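Trainee: Chains S and C supply the protein sequences, listed in that same order.
Number 39 in our numbering belongs to position 39 of the first sequence; there are no gaps in the numbering.
Number 1017 in our numbering belongs to position 17 of the second sequence; there are no gaps in the numbering.
Just so you know, the hints here were simulated from the structure itself, not pulled from any lab data.
None of these values were measured; they are calculated from a predicted model.
Quick reminder that beta carbons are idealized off the backbone N, C-alpha and C, glycines included.
Fair warning: there could be bad hints in the mix.
No more than 25 Å apart at the CA atoms, straight line, and that leaves these computed lysine-lysine pairs for BS3-like [what the hints assert, rightly or not]: (1) K57/S <-> K1301/C; (2) K47/S <-> K1071/C; (3) K1142/C <-> K71/S; (4) K57/S <-> K1089/C.
Away from chain C, derived, C-beta distances all over 10 Å, residues of chain S [said to hold, decoys possible]: (5) M1; (6) E2; (7) Q3; (8) F8; (9) V23; (10) D24; (11) Q42; (12) S62; (13) A74.
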Amino acid sequence: MEQKLIQFIKHEFLNDPGIEITVDTKLISSGLIDSFSLVSLQRYIEKEFGKMIPAPKITAESFDSVRQMIKIIAQF
Amino acid sequence: MVISFYFFGFLILSSIIYWVLPKQDLRTVFLIIASLGFISIYDKFAVLVIILLTIYAYYFAYLIEKQTNRKLCHRLGIIGLILILGVFKYLGFLAETISSMTSFIAGLPAFHFEKLLLPLGISYIVFKYISYLTDIYWRIVKKGNFIDVLLYGSLFTIYVAGPIERFERFKPQIETKQMFHVSFLEDAFQRIVYGFFKKLVIADWIGYFIAPVWENQSSYGLGIRIAALIGFSLQIYMDFSGYSDIAIGSSRLFGLKIMENFNWPYLQPNISKFWRNWHISLSDWIRDYLFFPLSRLNESKLWSTIAVPLIAMGICGFWHGAAWHFVLWGLWHGAGLAILQVWNQQKRVFKLKPIKALYGPLRVLAIASTFSFVTIGWILFK
C-alpha cells in the first residue's frame, strides 16, 4: 500500500520521478502537493484499495504524509 | 445568538444552573429548555421548526442506521432538508425571479411567497442536520440520543450564526458528565471580551467612518472609495470573527469546545488558504458535503477543476442570502479557486519546482493579491 501510494503521488502530482518521497515526507504542509489533490487521492484509494474514505477524514492535516493516509485508510 | 444584555444575563444564570445539576442528562435537558426558551423570545415559530426538524433528522438517522437501503434513506433525508430550506428561504426569491421574467404575460395570478416566515437560524440548522445525516451514512458517527441531537440543533450560543459544529465533535462532549473547572470561566471570559472588542470597538468604529462613503459614493474620490472598501473588508472580518469569538466563549461556560471559525484569513497567500481560514466551519462544510461529492460525479479535469469550484461556491453564495448578488459573490470565489487549480496543474505540466513556502516580498505580494481579490469580492456581497 505504501509503495502504491508513493508511486501514485509521484506520478500524478509531482510529475517528476526524481523527487524522493518517504512515508513520512510532509506533502501538503511542505507545499509538495496542494489540498485540491486530496479529491484525486480519495478516488484513487477507493479504486485501488476498495475503501471509500469520507471527506471529513481527508484533510490537509490528516493526509499530510503517506503514513497518516495509511492510518486513516485502516479505519475504514 | 442574539447579543444583548438579556443574552448575557441569561447566559450567566443558565450556566450556573447547568453546573449545579447533578447528572449529565439533566444538564442536557436543561440546556435544551434554556436554548429553546431563549430562541422563543426572538422567534416562537423557530422553536417549532427546530423540534420538527430534529424529529425529522433523527427519524432518518434511525432509518440510515437500521435499513438495508442506507443510500436511499440518506438521499431522501437530505432532499427533504433541502426542500424545507428552499420553501422557507428561497421560495419568495424564486417567485420574484419568475414573476420578473414573466411580467409581460398579463393576467397571471400574483403569488406572495415572500410573506412566508423565515425561521431564525434555519440556514444553520439545516446545514448541521445535512452533515449529521451524511456523517451517519458515512459511518463516522452514530445517531446518538434524541436529546443530544436536539441540543446539537438548538444550542443557543451557536444557533443563529454558527459555527456550524459537527455532531461527531459535539456528541462526546455531552455524553459524559464533566466537572466544572475554573479554566472554563477564564477561557470564556477571554474569548467574550476579545470578541466584544473586535465587534464593538473595531468593527463598529470602522463602520461609523465608512458609512457616509457608502451612502453617497459619488461625492467621494476613487482613493476614498477604495479606502472605504478596504475598511468594509476589515469591518466584516472583525464583526463576524468577533461574533464567533463570543459564541465560542459563551459555549465554553458550559464546558463545550466549539470549533474555531477564523484563523487570520487575510494573511493567507492564496484563495484556497483563505477559505481554509475564513468561516472555517462553513468552508469545511462546503468542502466535505459539496466539493468532494461533486468531484466524484465526473472524472474529467474540466469538471473537477472549473465546474466544481464554481458550483460549490455558487451554492455557498446562495446560502448566504436569497439574492443574485450573493450567487455572484460565490461565483467570484469559485472562479478564483478554479484559476488557482489551473495554475497548480500548469506548474506540474511544466515541471516547476514546488514553492515550499513563500518568504519576504514574494509572500507579502501573494498576501496582498489574495486580500485584494477577496476585498473586490465584497463589492458583490454588499
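Trainee: Next step is simple, just say for each hint if it's right about the structure.
Mentor: The hints, checked one at a time:
A hinted pair counts as satisfied when its Cα atoms are at most 25 Å apart, and K57/S with K1301/C qualifies at roughly 23 Å. Of the pairs offered as hints, the one joining K47/S and K1071/C holds, with about 19 Å between alpha carbons and a cut-off of 25 Å not exceeded. Our distance criterion of 25 Å between C-alpha atoms is met by K1142/C and K71/S, whose separation comes to about 21 Å. Note on K57/S and K1089/C: the hinted pairing is violated, with a Cα-Cα distance of about 31 Å set against a maximum of 25 Å.
Every CB of chain C lies more than 10 Å from the CB of M1/S, the least distance being 21 Å, so the non-interface label holds. For E2/S, the non-interface assignment is confirmed: its Cβ lies about 21 Å from the closest Cβ of chain C, beyond the 10 Å cut-off. No beta-carbon of chain C is positioned within 10 Å of the beta-carbon of Q3/S; the least distance is around 21 Å. Interface exclusion of F8/S from chain C stands, the closest Cβ pair being 14 Å apart, more than 10 Å.
Interface exclusion of V23/S from chain C stands, the closest Cβ pair being 19 Å apart, more than 10 Å. Its beta-carbon lying about 16 Å from the closest one in chain C, D24/S satisfies the requirement of being farther than 10 Å from that chain. Distance to chain C contradicts Q42/S as a non-interface residue, since its nearest Cβ pair spans about 7 Å, not more than 10 Å. With 10 Å as the threshold on Cβ separation, the claim that S62/S sits away from chain C holds: the shortest Cβ distance comes to roughly 12 Å.
Every C-beta of chain C lies more than 10 Å from that of A74/S, the closest at about 14 Å, which supports listing it as non-interface.
Checked against the numbered hints given earlier, the structure breaks hints 4 and 11 and satisfies all the rest.
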